[in-house]
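The primary structure of each chain is shown beneath.
Number of protein chains: 2
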Amino acid sequence: MTNSPQPAFQTERPQMRDLHWSRKEKEIAHKAFQQALDSEFETIAQKVKKMAEKIELPDGLWDLEEFLTKSRQGIGRKYDYRYSVLPMVFGILIREGRLREDDLQGLGEDKLHYIRGYAQR
Amino acid sequence: MTNSPQPAFQTERPQMRDLHWSRKEKEIAHKAFQQALDSEFETIAQKVKKMAEKIELPDGLWDLEEFLTKSRQGIGRKYDYRYSVLPMVFGILIREGRLREDDLQGLGEDKLHYIRGYAQR
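If you read the protein sequences in the order shown, they are chains W and V. To convert, count from 1 in the first sequence and add 960; that's our numbering. To convert, count from 1 in the second sequence and add 960; that's our numbering.
If we strip away everything but chain W, and leave its shape as in the complex, we get:
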């Protein structure tokens, strides 16, 4: 066994997919993710209630169906809880106003770097 020297080409910042998430960070991430998702559901439900109240027949029914289908598909695309992409997901949620950076307090700078990058795009 030898102690290999660090190779010269190694970059200081790991790729997003290679970040290590501590147990504590995973807890914070999970809580923020669920909070954003709940808030997203609540927004959709409010819109659904308004659409249902003033439904104009028959098109209002199918407009509501289409809204729900697109909402479900949009959530499926956006809410991807793989750690390899989670900083991007959080960045987008901050950009959309669904989360604040404060909600992610306790995540390491290595994650926040990517999150801020996606939040500002």
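Copies of one chain are not kept apart here, so a pair can be met inside one copy or by any two copies together.
Each computed SDA-like pair below joins lysine to any residue, with the alpha-carbon atoms no more than 25 Å apart:
| id | residue 1 | residue 2 |
| --- | --- | --- |
| 1 | K991 | G1020 |
| 2 | K991 | E1016 |
| 3 | K1009 | S999 |
| 4 | K1038 | P1018 |
If you're looking for bench data, these hints aren't it; they were derived computationally from the structure.
Add chain V to chain W, keeping to what the hints say.
Then chain V, alone, in the frame of chain W:
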């Protein structure tokens, strides 16, 4: 040109698809069809409003979407305004309580025969 005698095997009652609809009968049929369809939309809308009011997140959203999709597909299958099948459509609508025979007053006995047959199945 010869006047062929009526073949002995000809039935007196024409097939449903061969019935002749007068202009007046078409008007009656169209009105009843639209009345049933409007009533169907109203029933769906009432159910949608109830579901939307007491939505439980998140499943209530997708239950509502599924209800709307199935309602739309069901209407597409049931409301078929081809004269060749219209007596069957009216029969089913009477069986479901969506129309009464009175709503079809003015249709000939040739149509009512089939309508009653389907209504009683």
